[in-house]
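**Student:** For chain V, the structure is supplied; the task is to place chain R on it using the hints.
Chains as they are written, first to last, in our numbering: chain V, 1 to 113; chain R, 114 to 227.
Hints are computed from structural coordinates only; laboratory data are not their basis.
Even glycine gets a Cβ: it sits at the ideal position worked out from N, Cα and C.
Have a look at the derived ranges for each label pair, beta carbon to beta carbon: (1) V:Thr20 - R:His123: 34 to 42 Å; (2) V:Ser59 - R:Gln222: 20 to 28 Å; (3) R:Thr168 - V:Thr101: 17 to 25 Å; (4) V:Pro61 - R:Ala114: 18 to 26 Å; (5) V:His73 - R:Tyr152: 19 to 27 Å; (6) V:Asp62 - R:Leu169: 42 to 50 Å; (7) R:His123 - V:His73: 31 to 39 Å; (8) R:Thr165 - V:Ser59: 26 to 34 Å; (9) V:Lys57 - R:Leu169: 34 to 42 Å; (10) V:Pro27 - R:Gln158: 14 to 22 Å; (11) V:Asp71 - R:Asn154: 23 to 31 Å; (12) V:Thr20 - R:Pro192: 39 to 47 Å; (13) R:Ala167 - V:Ser80: 45 to 53 Å.
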Amino acid sequence: AAGVIQSPRHLIKEKRETATLKCYPIPRHDTVYWYQQGPGQDPQFLISFYEKMQSDKGSIPDRFSAQQFSDYHSELNMSSLELGDSALYFCASSTAGTMETQYFGPGTRLLVL
Amino acid sequence: AQSVTQLGSHVSVSEGALVLLRCNYSSSVPPYLFWYVQYPNQGLQLLLKYTTGATLVKGINGFEAEFKKSETSFHLTKPSAHMSDAAEYFCAVTFTGGGNKLTFGTGTQLKVEL
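Chain V with its partners taken away, still in its complex shape (with noise of 0.2 Å):
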């Protein structure tokens, strides 16, 4: 079965560069999430998106914006990177309900120098 996709798996970005994620939801998903976490560190939700706009937002900073496109892919866009935006970034899909589960992409690894 197809699962969420997240590219890149890997990211090495220097202080104050700009980095770019990108998720790609399981086929009918309508729903994404992202979620960061830290080393050792449960997953913390960023924010999340329905039929491409904002449905909730959790503790993502200002430096950090996403949307949610026409074919339900998303994106995460960073900027001014800081030493303690190194963390694992999670992608999940679900279809739309607070029941539904949520399918967990295998994340993006980023690392700032």
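**Tutor:** Just chain R now, kept in the frame of chain V:
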């Protein structure tokens, strides 16, 4: 606010022994509870979830969990541990009106020894 507490950041069991990973939640509204497993350098995989109905939930790989409202708990169990169960396990909660975002516990690293 909703939250999840996982007791024990590291749990070690012998192969064939009972696995018990503890999760307690705090929620002012009926919660929806999940257990996810994360293998090294991989994403999160759903083991099982409780939404409504039967309080004993069976998941993949022989795991199950019981929702106990009176104890605000959702502990994960497996009768007999296998070496392949070694991973990190996260309990998570969401609730109606919460936008479906998951709030995770801090995780429990399960080690299985011969």
